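Enquirer: Respectively, the protein sequence lines represent chains A and B. Position 303 of the first sequence, counted from 1, bears residue number 303 in my numbering, the numbering being contiguous throughout. Position 82 of the second sequence, counted from 1, bears residue number 82 in my numbering, the numbering being contiguous throughout.
The set of hints was computed from the structure by calculation and includes no laboratory data. Small disclaimer: the values here were computed from a predicted structure and weren't measured. Not one of these hints is a red herring.
With a straight-line Cα cutoff of 35 Å, these simulated DSBU-like cross-link-like pairs (lysine-lysine) come out: (1) A:263 - B:56; (2) A:227 - A:296; (3) A:316 - B:254; (4) A:316 - A:227; (5) A:304 - B:23; (6) A:304 - A:28; (7) B:23 - A:28; (8) B:223 - A:28; (9) A:263 - A:296; (10) B:223 - B:23; (11) A:296 - B:23; (12) B:254 - A:296; (13) A:263 - A:304; (14) B:56 - B:114; (15) A:304 - B:254; (16) A:227 - B:254; (17) B:254 - A:263; (18) A:28 - A:263; (19) A:296 - A:316; (20) A:227 - A:263; (21) B:23 - A:263; (22) A:304 - A:316.
DEER-style ranges, computed between Cβ atoms: (23) B:33 - A:168: 35 to 45 Å; (24) B:205 - A:92: 43 to 53 Å; (25) A:319 - B:201: 48 to 58 Å; (26) A:319 - B:262: 18 to 28 Å.
Yeah, the Cβ is synthetic: ideal placement off N, Cα and C, and Gly gets one too.
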Amino acid sequence: MSGILVIGEVQDGAIAPVSGELVAAALKLVGEGVIGGVSLAVMGDDLSAITAADAPGADRLILMSHPSLRDGGTGGFDAPVLAVAALYESISPDVILFAKTDFGAVAGPRLAFRLGVGMAQDCIDLALDTGTGRVAVTRPVFGGNALAVYGFNGDGTQIATVRPGAFDGMEGEGTGAIEHFDVGAAVAGVRTTLIDTVLQASEGVRLEDAEIIISGGRGLGGPEPFKQLHELANLLGGAVGASRAACDAGWVDHSYQIGLTGKSVRPSVYLSVGISGASQHMAGLSGARNIVAINKDGDANIFKAARFGVVGDWAKVLPAFTATVRDLAG
Amino acid sequence: MALRIAVCVKQVPDPETPASAFKVDEAANRVVPAPGIPPVVNGFDLHAVEAALRIKDGGEAEVTIISAGNNFVMDVMKKPLSMGADALVLAEDPALADIDAFVTVNVLAAIIEKTGPYDLVLAGRQASDWDQAHVPLGLAERLGLPSVTLARNVEPQEGRVRIERALTDGYQVIEAPLPAVVTVSNELGEPRYPTLRGIMAASRKQPERLSLDELGLDGDSLKPALSLRRLFIPEGESQVEIIEGEDEADAGRKLALRLRELNLI
Ligand SMILES: Cc1cc2nc3c(=O)[nH]c(=O)nc-3n(C[C@H](O)[C@H](O)[C@H](O)COP(=O)(O)OP(=O)(O)OC[C@H]3O[C@@H](n4cnc5c(N)ncnc54)[C@H](O)[C@@H]3O)c2cc1C
Ligand SMILES: Nc1ncnc2c1ncn2[C@@H]1O[C@H](COP(=O)(O)O)[C@@H](O)[C@H]1O
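This is chain A alone, in the form it adopts within the complex (with noise of 0.2 Å):
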């Protein structure tokens, strides 16, 4: 066996900065002295812009090209899973990573499943299991509620998939080996067919790139208030999001919901309205800087992790809020 196998993820052509995260997760690893040797593995149909220095921290970056691997695989993701396990065949890593985003998600378990060794999904930090001398995972479980710390048995290889965001990204310039690695024939396994990608447009800022994000939730009662939402955010030069309650009810699309299973953001303000604080929903919000909250329940468990909030009804302290912004903006 030999090292620590990072599978990066490419975006428009290049090295998404996820990979990055996923490089440093390893170079913990390193350093805590799991293992030596980290490969990053990157995929897609044209990788040909793509230099040894867009990988800075890894001692090579192998480049997987193949009409097949185009915008992570033909659908289900059979495609680059099968890409990632003839690899496997050939550097029998001792650790592979994946970032826990929808590729990952997928990928990181098959893999683990189709090889028959261990993995634990959606990782927020590694660390030399002191115990065996290999690796030990912390994972949030119960929403969020609880964190685990997991070992792994016996001698396999290990998988984790890592959380977005749990590691600081590497910077600076990549000095390591390139290597291409032909997946050739491997590929041709793929049993599901992607038809379609129906795509909606969104308004305005997106939600993972907004500072300033007003969300929604139950507690609106319905899905007339989010146009009062829209107003402030607008003034604000924000984005709305939602509770998956607020979602669930059709008050707003579910590319709204923010949390464990929506997105996941880090603005620099998140006012939070009617909304209960979930451990689910604060997944998703473990990048936000000042969480806001207004709750008619001083008890709700949003208020532990806000930094400013308003104990009152939405309805009257809301509105002005909105016409106070109004009158700053001048």
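Could you slot chain B with the ligands onto chain A? The hints should help.
Expert: For chain B with the ligands alone, coordinates are given in the frame of chain A:
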């Protein structure tokens, strides 16, 4: 011919348990069941049951619920039957308390091999206890079947299944040959409520029980791949500054001024 559908359903602690009632026994590495709060069927699994029942509504299908665990509460586990599922198959054993995903996959695969073949295996996108979201993917690999996750619509056609797969900003349309494993997400829409007739029918049905012996499970197939070393509730200290005013509107005004004062807006 009727489509045979298996739906994987897990009994979990109620995720709506208030944070104040959520307790961990750190010495035993276990979650302490909250007194007076019964377990529930994992939420996304009810969405999977709903997906199966919609297929049954639209044609001929036989829906079998399968589950592995211990200390099943029958009123809870019969809920999918009262919604309209046809049969319930349980592997219940003290050895199956708190099993990891690898053992779970072995048990579910054995149930499927014993009671199958199935044309379609449905599951929830994730269980709300350990939040792994990988048992169904493991099951698919173990059974050698294709898998598609996060369905918001599941439509079987001649020998294939067409799935709308939820993305955070839209969806993909994906086709897989049957048999296949598909996980279902809440974008599918609310699961139906049990009807009175459904509840009566469910109360008369008995689950089929399969022992570990009958499933041919022992030794290696019951060995976990991961060991839980520590389980704890992270410390978090509230540092909230509650803004007060003469009335609620005044508090709203003062909140805006405070945020502006700190240059946050
Ligand atoms: C596996 C799993 C994954 C999940 N993933 C997510 C996820 O990604 N995102 C997510 O959001 N949830 C998720 N959930 C659901 C989550 O557990 C909660 O059920 C949900 O977040 C609750 O939404 P809410 O806060 O809007 O509603 P509630 O919990 O009902 O809270 C409403 C709040 O509004 C307040 N309120 C009511 N009226 C007023 C008023 N007039 N003025 C001011 N305040 C008022 C109430 O005091 C209350 O605190 C998930 C659950 C599970 C089990
Ligand atoms: N013990 C179990 N019995 C039946 N189904 C299960 C079990 N564990 C997990 N599943 C299924 O797999 C899905 C994902 O679970 P998990 O991978 O544990 O998050 C759940 O929503 C269930 O449909």
